[in-house]
Amino acid sequence: MANYSTNQFKNGLKVMIDGDPCNMVDVEMVKPGKGQAFTRVKLKNLMTGRTWERTFKSGDSVEGADVMDTDMEYLYNDGEMWHFMDPATYEQVAADANAVGDSHKWLKEQDSCMITLFNDNPISVTPPNFVELEVTETDPGLKGDTAQGGSKPATLQTGAVVRVPLFINQGDVLKIDTRTGEYVSRA
Amino acid sequence: MAIDPQHWQPTASINSLRKRAAIMAQIRSFFAERDVLEVEMPLMSQCAVSDPFLDTIEARYADYVGSENYPLYLQTSPEYAMKRLLAAGSGAIFHLGKAFRNGESGSRRHNPEFTMLEWYRPGLDDQQLMDEVADLILPILKLDSVERLSYAQVFKRFLNIDPHTATLEVLVAETRKHVDIDLDDDDRDTWLNLLMSHVIEPNLSDLGAVFVYDYPASQAALAQVKTDAQSQQVASRFELFVDGIELANGYHELTDAQEQKQRLLKDQQTREKLGLPQRPLEMRLVSALEAGIPDCAGVALGVDRLVMLALGADSIQDVIAFPIERA
Chain A
1 MANYSTNQFK
11 NGLKVMIDGD
21 PCNMVDVEMV
31 KPGKGQAFTR
41 VKLKNLMTGR
51 TWERTFKSGD
61 SVEGADVMDT
71 DMEYLYNDGE
81 MWHFMDPATY
91 EQVAADANAV
101 GDSHKWLKEQ
111 DSCMITLFND
121 NPISVTPPNF
131 VELEVTETDP
141 GLKGDTAQGG
151 SKPATLQTGA
161 VVRVPLFINQ
171 GDVLKIDTRT
181 GEYVSRA
Chain B
1 MAIDPQHWQP
11 TASINSLRKR
21 AAIMAQIRSF
31 FAERDVLEVE
41 MPLMSQCAVS
51 DPFLDTIEAR
61 YADYVGSENY
71 PLYLQTSPEY
81 AMKRLLAAGS
91 GAIFHLGKAF
101 RNGESGSRRH
111 NPEFTMLEWY
121 RPGLDDQQLM
131 DEVADLILPI
141 LKLDSVERLS
151 YAQVFKRFLN
161 IDPHTATLEV
171 LVAETRKHVD
181 IDLDDDDRDT
191 WLNLLMSHVI
201 EPNLSDLGAV
211 FVYDYPASQA
221 ALAQVKTDAQ
231 SQQVASRFEL
241 FVDGIELANG
251 YHELTDAQEQ
261 KQRLLKDQQT
271 REKLGLPQRP
281 LEMRLVSALE
291 AGIPDCAGVA
301 LGVDRLVMLA
311 LGADSIQDVI
321 AFPIERA
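Sequence order for the protein chains is A and B.
Residue numbers for the first sequence follow our numbering, so the first one is 1 and each next one is one higher.
Residue numbers for the second sequence follow our numbering, so the first one is 1 and each next one is one higher.
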């Protein structure tokens with residue numbers, strides 16, 4: 001991989017730090033009126049999810065990380081691994097629980113997800129911003145109450161539990177914002 | 001840097017630009033009332049700043065179109081030229097205009113082309129000039145007062161170390177506690193600067209507006225060096241921080257021509273050691289000091305940052321119509 005110098009640092013650049021691929025979340029030049037310039041970078045370790053700040057001297061360089069984001073279709077879970085397929089090449093990859101993390105709550109078969117590959121292995125799975133999931137369990141809906149007040153928990157087909165309005169019934173299909181985990185509307 | 005044809009719009013709102021213009025007018029009337037003369041200094045010079053940590057942007061000039069061209073340097077501050085005016089008997093002067101610094105982008109507080117207010121007051125020292133800086137900025141920022149802490153006091157308060165006497169090893173160890181950095185450097189000032197920018201400045205933001213004064217003698221730049229009450233050699237230099245943002249830098253100015261010459265030559269040596277470009281030194285400044293410059297204090301203030309603070313903007317790009325990415 002290419003090396004990147006501090007003047008090429010930017011948000012979203014993927015680099016190797018202490019042996020792990022990291023994403024630059026925030027890049028800020030620090031330059032006192034009198035004195036040397038530094039670059040302060042907020043980094044996210046893509047393996048562990050840890051975020052921290054590291055400071056680089058101007059002109060320092062770091063190795064790029066072979067990290068690629070690619071859209072893939074979710075196929076199935078075999079009890080241990082989650083399987084995805086590249087719709088163009090039909091190539092399949094399997095992601096473990098570590099890579100899938102909390103995203104498993106929003107994975108519906110045949111939905112398209114963004115898979116982050118590091119040296120061709122999946123290290124993280126990002127579901128679409130909005131998913132449509134069926135309610136498998138919730139208290140009966142209240143008739144006539146279509147807009148106002150109150151909420152209740154509902155369990156969705158993936159096992160995720162979200163707060164929904166009182167008028168929602170079992171079997172309804174809901175639109176959920178996966179970034180916040182919140183109910184948006186009936187689909 | 002890529003040019004995006006879609007990015008034709010300014011990054012600052014028209015409303016912000018109106019407020020910016022009002023602050024510029026307020027600055028000019030402040031100095032008019034105090035009988036400080038507005039002067040315009042060359043933005044291009046045959047000489048460049050000596051400071052190893054400032055890089056000048058070069059322009060190319062040809063005596064006639066098509067002839068061989070040679071470099072002119074965009075000024076990083078009007079300081080040298082203004083001191084030549086002071087030596088020529090100008091009295092109190094201010095400059096409100098553009099300054100240029102290479103490589104200073106990629107931050108919410110920097111644009112390589114920025115607006116600098118610089119002024120000089122014969123007969124005042126650094127402490128008295130701090131009063132005047134406060135008189136100017138307090139109404140603009142709608143603040144009541146500015147706290148004053150010495151460089152030693154801020155290090156004592158936030159890190160419990162003495163910046164003047166602490167050994168290199170102590171400074172390195174202290175920095176490593178707070179800053180994740182892979183650095184090998186035997187210059188104490190590098191570590192003091194890291195502690196200042198990474199630990200102290202964020203803490204200063206809780207204090208509102210603060211003058212930090214009496215910097216280490218090794219960071220004197222163009223300030224006089226004096227002995228403080230603790231018999232410590234310190235620079236008669238101050239910086240103003242507002243909400244943790246470095247806003248102004250002032251000196252009780254060096255008037256000793258020989259000392260000035262030594263500092264210019266020393267900077268040039270440092271540049272050589274660091275492999276930085278060697279550019280013509282401003283020896284006319286030395287001549288001006290030899291001819292005699294009044295005892296005075298001077299200060300430079302970042303106007304874009306002042307506007308940013310006055311408007312409560314998060315980023316300098318919010319108060320500049322077309323920052324470098326769109327210029």
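Think of the hints as simulated: they come from the structure by calculation, not from any bench.
Treat the numbers as computed from the prediction; the structure is a model and nothing was measured.
Among the hints, a few may not be true.
What the hints assert, rightly or not - Pairs of lysine to any residue, SDA-like flavour, derived with a Cα cap of 25 Å:
#, chain 1, residue 1, chain 2, residue 2
1, A, Lys10, B, Arg279
2, B, Lys142, B, Asp180
3, A, Lys42, A, Gly64
4, A, Lys10, B, Leu96
5, A, Lys14, B, Arg279
6, A, Lys57, B, His7
7, B, Lys266, A, Lys10
8, A, Lys105, A, Tyr4
9, A, Lys10, B, Lys142
10, A, Lys44, B, Lys177
As the list claims (entries may be wrong) - Quick list of the computed label-pair ranges, beta carbon to beta carbon:
#, chain 1, residue 1, chain 2, residue 2, range
11, A, Asp177, B, Asp144, 40 to 48 Å
12, B, His7, A, Met114, 40 to 48 Å
13, B, Gln233, A, Asn98, 54 to 62 Å
14, A, Asn3, B, Pro294, 34 to 42 Å
15, A, Asn3, B, Ser29, 51 to 59 Å
16, A, Asp177, B, Leu207, 50 to 58 Å
17, A, Met68, B, Asp182, 44 to 52 Å
18, B, Ser13, A, Asp177, 41 to 49 Å
19, B, Thr167, A, Asp66, 37 to 45 Å
20, A, Asp18, B, Gly244, 43 to 51 Å
21, B, Tyr70, A, Val25, 56 to 64 Å
To be verified - Which chain A residues stay away from chain B? Per the calculated CB distances, all over 12 Å, these:
#, residue
22, Glu28
23, Pro32
24, Gly35
25, Thr39
26, Glu53
27, Phe56
28, Val62
29, Asp69
30, Thr70
31, Tyr76
32, Asp96
33, Ala97
34, Val184
35, Ser185
36, Ala187
Virtual Cβ for every residue (Gly too), placed ideally from N, Cα, C.
We went through each hint and held it up to the structure:
no., hint, in the structure
1, Lys10/A x Arg279/B, "violated (31 Å)"
2, Lys142/B x Asp180/B, "violated (37 Å)"
3, Lys42/A x Gly64/A, "holds (16 Å)"
4, Lys10/A x Leu96/B, "violated (33 Å)"
5, Lys14/A x Arg279/B, "violated (37 Å)"
6, Lys57/A x His7/B, "violated (31 Å)"
7, Lys266/B x Lys10/A, "violated (35 Å)"
8, Lys105/A x Tyr4/A, "violated (36 Å)"
9, Lys10/A x Lys142/B, "violated (35 Å)"
10, Lys44/A x Lys177/B, "holds (20 Å)"
11, Asp177/A x Asp144/B: 40 to 48 Å, "holds (45 Å)"
12, His7/B x Met114/A: 40 to 48 Å, "violated (27 Å)"
13, Gln233/B x Asn98/A: 54 to 62 Å, "holds (57 Å)"
14, Asn3/A x Pro294/B: 34 to 42 Å, "violated (52 Å)"
15, Asn3/A x Ser29/B: 51 to 59 Å, "holds (53 Å)"
16, Asp177/A x Leu207/B: 50 to 58 Å, "violated (40 Å)"
17, Met68/A x Asp182/B: 44 to 52 Å, "violated (27 Å)"
18, Ser13/B x Asp177/A: 41 to 49 Å, "violated (30 Å)"
19, Thr167/B x Asp66/A: 37 to 45 Å, "holds (43 Å)"
20, Asp18/A x Gly244/B: 43 to 51 Å, "violated (29 Å)"
21, Tyr70/B x Val25/A: 56 to 64 Å, "violated (44 Å)"
22, Glu28, "violated (5 Å)"
23, Pro32, "violated (6 Å)"
24, Gly35, "violated (4 Å)"
25, Thr39, "violated (8 Å)"
26, Glu53, "violated (6 Å)"
27, Phe56, "violated (7 Å)"
28, Val62, "violated (10 Å)"
29, Asp69, "holds (21 Å)"
30, Thr70, "holds (25 Å)"
31, Tyr76, "holds (41 Å)"
32, Asp96, "holds (29 Å)"
33, Ala97, "holds (29 Å)"
34, Val184, "holds (29 Å)"
35, Ser185, "holds (32 Å)"
36, Ala187, "holds (34 Å)"
Hints 1, 2, 4, 5, 6, 7, 8, 9, 12, 14, 16, 17, 18, 20, 21, 22, 23, 24, 25, 26, 27 and 28, counting from the list given before, are not met by this structure.
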